[in-house]
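A.B. asks: Protein sequences appear in the order of chains A and B.
Numbering follows numbering that gives the first Met the number 0, in which position 479 of the first sequence is assigned residue number 478; successive positions increment by one, without gaps.
Numbering follows numbering that gives the first Met the number 0, in which position 119 of the second sequence is assigned residue number 118; successive positions increment by one, without gaps.
Be careful, since some hints might not be right.
No copy is singled out in the list; a pair is fine if it fits within one copy or between any two copies.
Straight-line Cα separation of at most 27 angstroms, BS3-like style, residue types lysine-lysine; simulated pairs [as the list claims (entries may be wrong)]:
no., residue 1, residue 2
1, K441, K481
2, K205, K468
3, K380, K363
4, K209, K468
5, K423, K441
6, K468, K102
7, K102, K222
8, K205, K222
9, K441, K468
10, K282, K57
11, K51, K423
12, K209, K81
13, K282, K131
14, K363, K289
15, K441, K81
16, K481, K205
Treat the hints as calculated values from the structure; they're not laboratory data.
2 protein chains.
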Amino acid sequence: MASWVLRSFLTSNNFRNGVFHIKRRAHINTRIIDVFKLQPFGSHLSIKGWVKAMRKMKDNIFIDVNDGSCSDKLQVLIPKSKRPESLTYGAAIEAAGSLVMNKNGQIELAAEDVTVVGPCIVLDGYPFAPRKSYPSDYLRQYLHLRPRTNIFGALLRVRDRASCAINEHLHNNGYIHIHTPILTSNDCEGAGEVFRVKPDSENMLKEMAKEGLPLDEAYFDSKAFLTVSGQLHLEAVVRGLSKVYTFGPTFRAENSRTRLHLAEFYMIEAEAAFIESLDELVKIMECMIKDVSKQIMEDCTDDVQILHSSDGNEGSIMSVLEKPFQVMTYDQAINILEKHSGNFTSQARTGQGLSKEHELYLVKHAGDCPVFVIDWPHDIKPFYMKQCVHDSSKVSAVDLLVPRVGELCGGSLREDNLSQLQDKLTKLGLHEVLEWYLELRKYGNVPSGGFGMGFERYLQLILGIPNIKDTIPFPRWPHNCKL
Amino acid sequence: MASWVLRSFLTSNNFRNGVFHIKRRAHINTRIIDVFKLQPFGSHLSIKGWVKAMRKMKDNIFIDVNDGSCSDKLQVLIPKSKRPESLTYGAAIEAAGSLVMNKNGQIELAAEDVTVVGPCIVLDGYPFAPRKSYPSDYLRQYLHLRPRTNIFGALLRVRDRASCAINEHLHNNGYIHIHTPILTSNDCEGAGEVFRVKPDSENMLKEMAKEGLPLDEAYFDSKAFLTVSGQLHLEAVVRGLSKVYTFGPTFRAENSRTRLHLAEFYMIEAEAAFIESLDELVKIMECMIKDVSKQIMEDCTDDVQILHSSDGNEGSIMSVLEKPFQVMTYDQAINILEKHSGNFTSQARTGQGLSKEHELYLVKHAGDCPVFVIDWPHDIKPFYMKQCVHDSSKVSAVDLLVPRVGELCGGSLREDNLSQLQDKLTKLGLHEVLEWYLELRKYGNVPSGGFGMGFERYLQLILGIPNIKDTIPFPRWPHNCKL
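Chain A on its own, in the form it takes in the complex (with noise of 0.2 angstroms):
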């Protein structure tokens, strides 16, 4: 018996002394997907859930129950004769009776009684039909009823299962998990595009004002911003921990109304120190992403497959992740896009970032193959990340592009060198602010490295999700931030 199950009888109380004690006729609440794994046949159980669909036979009401532990729905039997009066679609019912195997070779509850708990008044306004399923724009006008859904439903299931694989990877590869702040007084990455945090109530900053700070500074002593990066706090961490992570909600104050940009989204971003080179980062990469989507795809298979149900591409997704990733320069990314400039609207120029097309392109070029570019134009990168020994004028960054969504994972060596550093951080008028980043390299330095991944971009890869507000419960984006 999977240890799973042995903790969810345990905790229903019939594990005494080490004996199971089932009484006759009890009726045991179980979930679903216990249900469908342990398959007690013959034993007297109850289920709680919502009534997904129903069919009227001559003598018997079929109802499909859904309680959300799995996306499987359990047939309850009910004689016609015992129909609680509000027995509709969309209602939450309890249904006790005994668990059966029917002619046609399927799990089915035989139930002895059905109540409804709570009722659902379908003809006021109830946005979803029995057995249809809508368009995903449909459902994000109703992000409070979203969940619900089939496919919503599995979405948050594999959204849950895929944070505990990334947690777990990183934890057995010895990183720790680090909560860096959400508000930072330190705008210096965001370059305009961050939101500005303070108190809604005037009075405080009244009661809390200081002479010589402006007004809306004075809950804090300083502006206050939502974070857009945790890595300069991991940076400071790593160099007392080694390994360190942190993966926690990140904010873009961009006008940006794409199918892969939200204003608030989830950001992994792991540290490492003694890192000298690209190649080991990289492989740290490529690593976590491959181990994290086979476990993914394991222990999800059901949810994964319904999400693909619109694109029956979870296959071909899975191959393109067994491959081992390719490797090129900048400089070559930009040698084969300017060969086939003819499929651009816009052209690749060298020491210019690259754009949506380029990178889906580079990705097609490569066999549909993700594929990390390497050592960046030192102009377009931001401060920290470290100068190539080989070429000056470029930075050993690498940024991992995929199929479908483009950029996935950002990532970089970072400058060790406090005096390149600090000429650095004195011609951007950062050394006063970035102080204490200076000093991280006076005191005991080491080299490190590190990177980011977009979750919900990751998301949208490994499910063929074409609309990035698609993976996450509450999208928050330009002129949206319902409930």
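Once you've looked at the hints, dock chain B against the given chain A.
C.D. replies: Only chain B this time, still in chain A's reference frame:
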């Protein structure tokens, strides 16, 4: 061999075709935690970490090295002749040699080679000296260097293990992790103690402006706030998935400068459908706290001991947490407080909340045992709490009070009576903005209940940490948002 050890071997590239290949004189890079667990005497290995202390003897130098993977320091022995120039306290080093047991029975790395990866300019302001411990408010001045200290390294490892243990416990009990939103348009719970969020760029707001909307609402078409609780969102999801939880950052714009308050803190909030009594809820809370605490004490024995080194109390807290928690009604609590009124600077009055001194007194009165206080006056609790069946002036709410911190958790059954909830929200003027919340009751409603637990207060409880600012890597509180 424990599976994590095996894994660390597998990832160090010495395991091929099911066989360990340890080359003679090859220096396998090994984490210090693995050195102590594996004790591969005689093998050649290298370690990387920071110098925590040095002792010079006649011919040799003894270096204590720590890499943050555990609290233990590995003693590295090197002949004086091989001492690298910049080897000082605080430096990052790599040491390679063979593992031996010395004549005192200690594990020791007899180094052939020590390289300074990064020196530490100790004399130019490094705030820590070897073998010295510092008061926590001194360490708090150096948030970027604090993770290097023995005590804060221990805290970060325990914090990591505690969040894993909470995730594991909830998953084992069928709960699904939901990322409830950080940004929300809903401020009805916060009552003025919320943070407002808007893009920092005035130009972006102008670009996105719409007629009839205030300029500072242009980004989301509404005001946006930082979440004070994910509960209402969980109540939406629980009506599809039955058991859900969230574990993320939460915000309060209060001007509270106590040892128990932060502006940004972490909260675990769990919600379960089909819960019909406070009894069930109380059991879920007690079971989680006991299970998680046991896990932490088992897995982090050394680190917990380091954190308790100042109060020597870790034994007593576990004995507290092993007792059955007590349950009393609010009325009983008030009775006790009135009988012992001589103990308080301000008196407890029926119909009002409890102050910190009242909370701590009730715990003491119960024999230093955690106490659930149930059935609170309707008038001092939020709108979503369910009216008690036996007394309409009360709601089915519960606070868990514990030693040292007072209130640790708050929970309730949720009002599931549609018309009562409608009346309440209409009186509060919230029926329009919370129309969606009412719809949760209109369609397939269920009785539900849940609770929230402050993660940092929990760490204070089990680790005996007086100030909450010392339980989180980068604390934010009034007048402080450093880094």
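A.B. asks: Are the hints correct? Go through all of them and say.
C.D. replies: Here's how the hints hold up against the structure:
For the identical chains of this complex, K441 and K481 are inter-copy neighbours only, at 19 angstroms across copies versus 47 angstroms inside a copy, given an alpha-carbon limit of 27 angstroms. When the C-alpha separation of K205 and K468 is checked against a cutoff of 27 angstroms, the pair qualifies only between copies, where the shortest distance is 25 angstroms, while the shortest distance within a copy is 39 angstroms. For the identical chains of this complex, K380 and K363 are intra-copy neighbours only, at 25 angstroms inside a copy versus 58 angstroms across copies, given an alpha-carbon limit of 27 angstroms. Taking the shortest alpha-carbon separations for K209 and K468, only the inter-copy value of 23 angstroms comes in at or below 27 angstroms, while the best intra-copy value is 42 angstroms.
Within a single copy, K423 and K441 get their C-alpha atoms as close as 16 angstroms, which meets the 27 angstroms cut-off; across copies the closest is 60 angstroms, which misses it. Within a single copy, K468 and K102 get their C-alpha atoms no closer than 43 angstroms, and across copies no closer than 64 angstroms, so neither meets the 27 angstroms cut-off. For the homomeric pair K102 and K222, neither the shortest alpha-carbon distance inside one copy (69 angstroms) nor that between copies (58 angstroms) is at most 27 angstroms. Proximity of K205 and K222 under a CA criterion of 27 angstroms is satisfied in both settings, with 16 angstroms inside one chain copy and 21 angstroms between copies.
Taking the closest pair of Cα atoms, K441 and K468 come within 27 angstroms of each other only across two copies (26 angstroms); inside a single copy the shortest separation is 43 angstroms, beyond that limit. Taking CA atoms no more than 27 angstroms apart as the test, K282 paired with K57 passes in neither setting, with 63 angstroms inside one copy and 45 angstroms between copies. For the identical chains of this complex, K51 and K423 are neighbours neither inside a copy (61 angstroms) nor across copies (31 angstroms), given an alpha-carbon limit of 27 angstroms. When the C-alpha separation of K209 and K81 is checked against a cutoff of 27 angstroms, the pair qualifies neither within a copy, at 71 angstroms, nor between copies, at 57 angstroms.
In this assembly of identical chains, K282 and K131 lie within 27 angstroms of each other by CA distance neither inside one copy nor across copies; the values are 44 angstroms within and 39 angstroms between. Only within a single protomer do K363 and K289 lie at most 27 angstroms apart by alpha-carbon distance; the minimum there is 19 angstroms, versus 53 angstroms between protomers. When the C-alpha separation of K441 and K81 is checked against a cutoff of 27 angstroms, the pair qualifies only between copies, where the shortest distance is 24 angstroms, while the shortest distance within a copy is 78 angstroms. Taking identical chains as interchangeable, the C-alpha atoms of K481 and K205 lie at most 27 angstroms apart only when they sit on different chains, with a minimum of 21 angstroms there against 30 angstroms within one chain.
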